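Asker: Once you have looked at the hints, place chain B on chain A.
Number of protein chains: 2
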Amino acid sequence: MDIEAFRKAGHEVVDKICDYYASLEQRPVGAQVKPGFLREAVPDEAPEKGEEWSVISKDYDEIILPGITHWQAPGFMAYFPANATFEGCLADLHAAAISNPAFNWSCSPSVTELEILVLDWIAKALHLSPAFLSTSEVGGGIILGSASEVAVTVMVAARERALAMLSDARGAEVPADGGARPEATVQETGTQHKDLDDEEQWGKWRGDATGRLVAYGTTQTHSIGSKACLILGLAFRALDVKAEDGYALRGDVLRKALEEDTAKGRVPFMLIGTFGTTSSGAVDNLKEIGQVAKDYPMLWLHCDAAYAGVAMSLPEVREASTDLAAINECFDSYSTNMHKWGLVQFDCSPLFVRDRGALTRALTVTPEYLRTKHGDAGSVLDLRNMQISLGRRFRSLKVWFVLRSFGLEGFRAHLRNGISLAQGFAEQLREHGKPFAIVAPPRYALVVFRLDPTGAGGQSEELDALNRRFWEAIQEYSKEIQLTQTVLPEVGFCIRLVVGAPSTRQQHIDMAWRILQECADKTLKA
Amino acid sequence: MDIEAFRKAGHEVVDKICDYYASLEQRPVGAQVKPGFLREAVPDEAPEKGEEWSVISKDYDEIILPGITHWQAPGFMAYFPANATFEGCLADLHAAAISNPAFNWSCSPSVTELEILVLDWIAKALHLSPAFLSTSEVGGGIILGSASEVAVTVMVAARERALAMLSDARGAEVPADGGARPEATVQETGTQHKDLDDEEQWGKWRGDATGRLVAYGTTQTHSIGSKACLILGLAFRALDVKAEDGYALRGDVLRKALEEDTAKGRVPFMLIGTFGTTSSGAVDNLKEIGQVAKDYPMLWLHCDAAYAGVAMSLPEVREASTDLAAINECFDSYSTNMHKWGLVQFDCSPLFVRDRGALTRALTVTPEYLRTKHGDAGSVLDLRNMQISLGRRFRSLKVWFVLRSFGLEGFRAHLRNGISLAQGFAEQLREHGKPFAIVAPPRYALVVFRLDPTGAGGQSEELDALNRRFWEAIQEYSKEIQLTQTVLPEVGFCIRLVVGAPSTRQQHIDMAWRILQECADKTLKA
Chain A
1 MDIEAFRKAG HEVVDKICDY YASLEQRPVG AQVKPGFLRE AVPDEAPEKG
51 EEWSVISKDY DEIILPGITH WQAPGFMAYF PANATFEGCL ADLHAAAISN
101 PAFNWSCSPS VTELEILVLD WIAKALHLSP AFLSTSEVGG GIILGSASEV
151 AVTVMVAARE RALAMLSDAR GAEVPADGGA RPEATVQETG TQHKDLDDEE
201 QWGKWRGDAT GRLVAYGTTQ THSIGSKACL ILGLAFRALD VKAEDGYALR
251 GDVLRKALEE DTAKGRVPFM LIGTFGTTSS GAVDNLKEIG QVAKDYPMLW
301 LHCDAAYAGV AMSLPEVREA STDLAAINEC FDSYSTNMHK WGLVQFDCSP
351 LFVRDRGALT RALTVTPEYL RTKHGDAGSV LDLRNMQISL GRRFRSLKVW
401 FVLRSFGLEG FRAHLRNGIS LAQGFAEQLR EHGKPFAIVA PPRYALVVFR
451 LDPTGAGGQS EELDALNRRF WEAIQEYSKE IQLTQTVLPE VGFCIRLVVG
501 APSTRQQHID MAWRILQECA DKTLKA
Chain B
1 MDIEAFRKAG HEVVDKICDY YASLEQRPVG AQVKPGFLRE AVPDEAPEKG
51 EEWSVISKDY DEIILPGITH WQAPGFMAYF PANATFEGCL ADLHAAAISN
101 PAFNWSCSPS VTELEILVLD WIAKALHLSP AFLSTSEVGG GIILGSASEV
151 AVTVMVAARE RALAMLSDAR GAEVPADGGA RPEATVQETG TQHKDLDDEE
201 QWGKWRGDAT GRLVAYGTTQ THSIGSKACL ILGLAFRALD VKAEDGYALR
251 GDVLRKALEE DTAKGRVPFM LIGTFGTTSS GAVDNLKEIG QVAKDYPMLW
301 LHCDAAYAGV AMSLPEVREA STDLAAINEC FDSYSTNMHK WGLVQFDCSP
351 LFVRDRGALT RALTVTPEYL RTKHGDAGSV LDLRNMQISL GRRFRSLKVW
401 FVLRSFGLEG FRAHLRNGIS LAQGFAEQLR EHGKPFAIVA PPRYALVVFR
451 LDPTGAGGQS EELDALNRRF WEAIQEYSKE IQLTQTVLPE VGFCIRLVVG
501 APSTRQQHID MAWRILQECA DKTLKA
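So the protein sequences, as listed, match chains A and B. Numbering-wise, this note's numbering puts 450 at position 450 of the first sequence, and it's gapless, one number per residue. Numbering-wise, this note's numbering puts 43 at position 43 of the second sequence, and it's gapless, one number per residue.
Each hint should be verified, as a subset may be incorrect.
Because identical chains share one entry, a pair is satisfied inside a single copy or across any pair of copies.
Below, computed lysine to aspartate or glutamate pairings styled on EDC-like, alpha-carbon distance capped at 16 Å [stated by the list, open to error]:
#1 Lys124 with Glu409
#2 Lys34 with Asp376
#3 Lys49 with Glu137
#4 Lys242 with Asp252
#5 Lys124 with Glu518
#6 Lys373 with Glu472
#7 Lys264 with Glu200
#8 Lys49 with Glu409
#9 Lys522 with Asp240
#10 Lys525 with Glu259
#11 Lys124 with Glu45
#12 Lys34 with Glu476
#13 Lys287 with Asp252
#14 Lys124 with Glu48
#15 Lys16 with Glu4
#16 Lys373 with Glu476
#17 Lys479 with Asp15
#18 Lys264 with Glu288
Note that these hints are calculated values from the structure, not bench results. The structure presented is a predicted model; accordingly, all values stated were derived computationally and were not measured.
This is chain A alone, in the form it adopts within the complex (with noise of 0.2 Å):
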């Protein structure tokens, strides 16, 4: 394809969107295909010659349209939302066309400074303490591409800092960096494992220190925390949430798990506290756990902020709780994903940290193909350094783009329209009562509920069963509404409705509720 090919192309596929957009309502929500759906109509292998772009852009339409679930449509409600815009396209549009894995500041210096810059707009819009700005010289951020890799990159910095702890409290027989070699370049790495034996030690107590390590959530935490675990071979434990404490974990029952594994001889490492559970949207007791902390210097506290992170740019959010204040003196990273309720397009997961040289001393490896005269003088900061992969996409320009377009005010009117219909279904549940029961306080833009016909409440087999066949009706509706089950403790099975996409209105709200009463009748009668 030639530039002016490109030309008709690109205005053809932007007018496209367009239609898509202004159709997007009278779509199936749920892709309405079955399992090998895209086999019978792709051929199994490559095409020799080149076809046509008129061929293929048909194809587009009629192949890969049909099997997409619309998560911009104003019915989709389910899992989290991951919002799409205008501006998000036109970014990654430019972003395709210069495409650079800018893992250095040299490979495209602008990819690397706009980054550390909207990463400070965020971080101010969200009213995070200066120790996480850039200008912090200390602190910083960097943008990653989910929560799930941010919570396995911090959990490496975490691991690092715990064994770098640990080996000073031992003494001088490992090597005081914790086995971190900040500078090592591929040569120095294979030298230095080269020869097994002269490290034999140190590998033992580092294995046996290791397998001490645990890393803390709650049955509530998403599973990323877990995952995390799984990935790097680390323990991870699940404290126990109640209901009544609306499903936060409380400092008495860290505390507690604490004291019980250090006596044990096991290390506390990591903590993922979180602002927003997928499950109810729970915001765990931060200040509790800060307080709990300071007792445990090891212990590197995370907030994941994935979902409802970006609602702390809402005064009346910050100022109702005292999480913001006990993140902002005592946790060590703090996530929020800009692509799920903030406006920019997957992926754009910001990550926040109090100690920049954490991530740098776990994560840098530089053989010489990769050094820079900038890098080399420590003149910039090269993003590779603090993250898994070496390549990086430009994810900076979605967030300029959208945060200048929307404007803050703009930003926060996005969110506040989410919660605003979020809490109206919510009272419109709590008006009718039975059979409805809501089943934990709603949060932000998500609503917890299920069938209680009696209005027993509490966890029952006959109360999962009726909820599961009311789950099975709401499904007949996918091309109406996309909502999404889960289990919570003391409760059971029961659903999710989560606002978000900016296409939601009142009246898709309503069609909901209409479609909710529905499923209810049909499930009770049957």
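Answerer: Relative to chain A, chain B alone:
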């Protein structure tokens, strides 16, 4: 921005990209900016009120673009290429518009299904064994974001497979699956670790066994290998390679290392064999490696073909060696980056494995809120269970657009153009002779050379110093060309030139050659 505003802005951006490509040759290849340049141009917080698109768009041209290093420019011959194509731009634009983090099949069936299909297209184009195709039902692929992510992901699978084998050998005292819990829900994961006492013995065994694992590569293996070990806290042993072997790992060197380590109670669990190293394009002797590995069933063989893998689509490359046969017969996994020389925008790193189960056993965690009817029934693949992250971008769309629009014919023509230009450049260097010297066999589109005015060869401080000055001189021409430096065993400091941008023609090689001669003159006169 509403639909009509996007239509206007979208058309403008498409036209801008056309202008950008038309003017690519006139732009400085390397960004001519100083560290911190952007901080002066960008306000230090997000605007309160939304700004006009015209203002934002103007800033993109005036503030961002000057800080971009143009990897698509014909004079970009550094690192490895990061191809962008118009087809890739259109795919990324569509993907941004329908943005969805397709972690489950149901989240967007087309995203999962197209990925599986185009991976088969790629595997067939590269003549990989049917064992690596989805149609094998056992093997198959996934598109990850980078070769680094591939290395970590595969290493987790290799570690778990090795631990399971060790555990089987040890008997029933430890879980037979080696600790992997394919179907664990978050709650179960919680329970499992809740009372660590019950698993104390198991944990100690696992910790000790993990500490004995060793991964292998060579001094030429990309730093992604040692970095994966750094992340996972595992030992990496970099084996020596010789210039006389073209920097390829030989079977006898590997066997000696495996015997030594096994004798010491260590457990070799993974080897990264490279098809096209970063420093010199070297290819390890995969046939000899495969033979040796037959005696070490626990050794996972991964082939990192990040750069050169796409060249296996050329019969002349496939037929020139026994490497493909060795991969197909002996290797457990294979990865190449379509986003380097493969015409697909960053990021796109296909990973092929012989046993998908090795990934899913190591990486599956399924809380209730991620369960789906089809996932529970096992009638679909949920690709999140083969990777670190939960969310995933619609990366297969760009592969589909590119391979269809270019056809395999066009794909191969692009590769042959790069190879032919690079080999022509190597020929020029060879014919010219002193003060230039080619220091490793030119491979694919990569030529590694240095100044060696006396033709003495070998490694010396004098030659290193001279070539570091030569490198300084070359960097003065960053507006015209971009190259990269490296260090090779038995050689020392040298310069890499890689052809790969679709825009590079003979005239640009001629320009590079003129600049290199000028730089050589200056360096030698100084």
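Asker: Determine for every hint whether it applies to the structure shown.
Answerer: Evaluation of the provided hints:
1. Only within a single protomer do Lys124 and Glu409 lie at most 16 Å apart by alpha-carbon distance; the minimum there is 14 Å, versus 52 Å between protomers.
2. For the homomeric pair Lys34 and Asp376, the shortest alpha-carbon distance between copies (15 Å) is at most 16 Å, but the shortest distance inside one copy (54 Å) is not.
3. For the identical chains of this complex, Lys49 and Glu137 are neighbours neither inside a copy (54 Å) nor across copies (29 Å), given an alpha-carbon limit of 16 Å.
4. Taking the shortest Cα distances, Lys242 and Asp252 sit within 16 Å of each other inside one copy (13 Å), while across copies they are farther apart (60 Å).
5. Taking identical chains as interchangeable, the C-alpha atoms of Lys124 and Glu518 are never at most 16 Å apart, the minima being 45 Å within one chain and 50 Å between chains.
6. In this assembly of identical chains, Lys373 and Glu472 lie within 16 Å of each other by CA distance solely across copies; the values are 10 Å between and 61 Å within a copy.
7. Proximity of Lys264 to Glu200 under the C-alpha cut-off of 16 Å is restricted to the inter-copy arrangement: shortest distance 10 Å between copies versus 26 Å within a copy.
8. For the homomeric pair Lys49 and Glu409, the shortest alpha-carbon distance between copies (6 Å) is at most 16 Å, but the shortest distance inside one copy (51 Å) is not.
9. Proximity of Lys522 to Asp240 under the C-alpha cut-off of 16 Å is found in neither arrangement, the shortest distances being 35 Å within a copy and 71 Å between copies.
10. When the C-alpha separation of Lys525 and Glu259 is checked against a cutoff of 16 Å, the pair qualifies neither within a copy, at 52 Å, nor between copies, at 71 Å.
11. Taking the shortest alpha-carbon separations for Lys124 and Glu45, only the inter-copy value of 7 Å comes in at or below 16 Å, while the best intra-copy value is 50 Å.
12. When the C-alpha separation of Lys34 and Glu476 is checked against a cutoff of 16 Å, the pair qualifies only within one copy, where the shortest distance is 14 Å, while the shortest distance between copies is 58 Å.
13. Proximity of Lys287 and Asp252 under a CA criterion of 16 Å is satisfied intra-copy only: 12 Å inside one chain copy versus 60 Å between copies.
14. Only between protomers do Lys124 and Glu48 lie at most 16 Å apart by alpha-carbon distance; the minimum there is 12 Å, versus 53 Å within a single protomer.
15. For a Cα distance limit of 16 Å, the shortest separation of Lys16 from Glu4 across copies, 12 Å, qualifies, whereas the shortest one inside one copy, 18 Å, does not.
16. In this assembly of identical chains, Lys373 and Glu476 lie within 16 Å of each other by CA distance solely across copies; the values are 12 Å between and 61 Å within a copy.
17. Proximity of Lys479 to Asp15 under the C-alpha cut-off of 16 Å is found in neither arrangement, the shortest distances being 25 Å within a copy and 37 Å between copies.
18. In this assembly of identical chains, Lys264 and Glu288 lie within 16 Å of each other by CA distance neither inside one copy nor across copies; the values are 23 Å within and 48 Å between.
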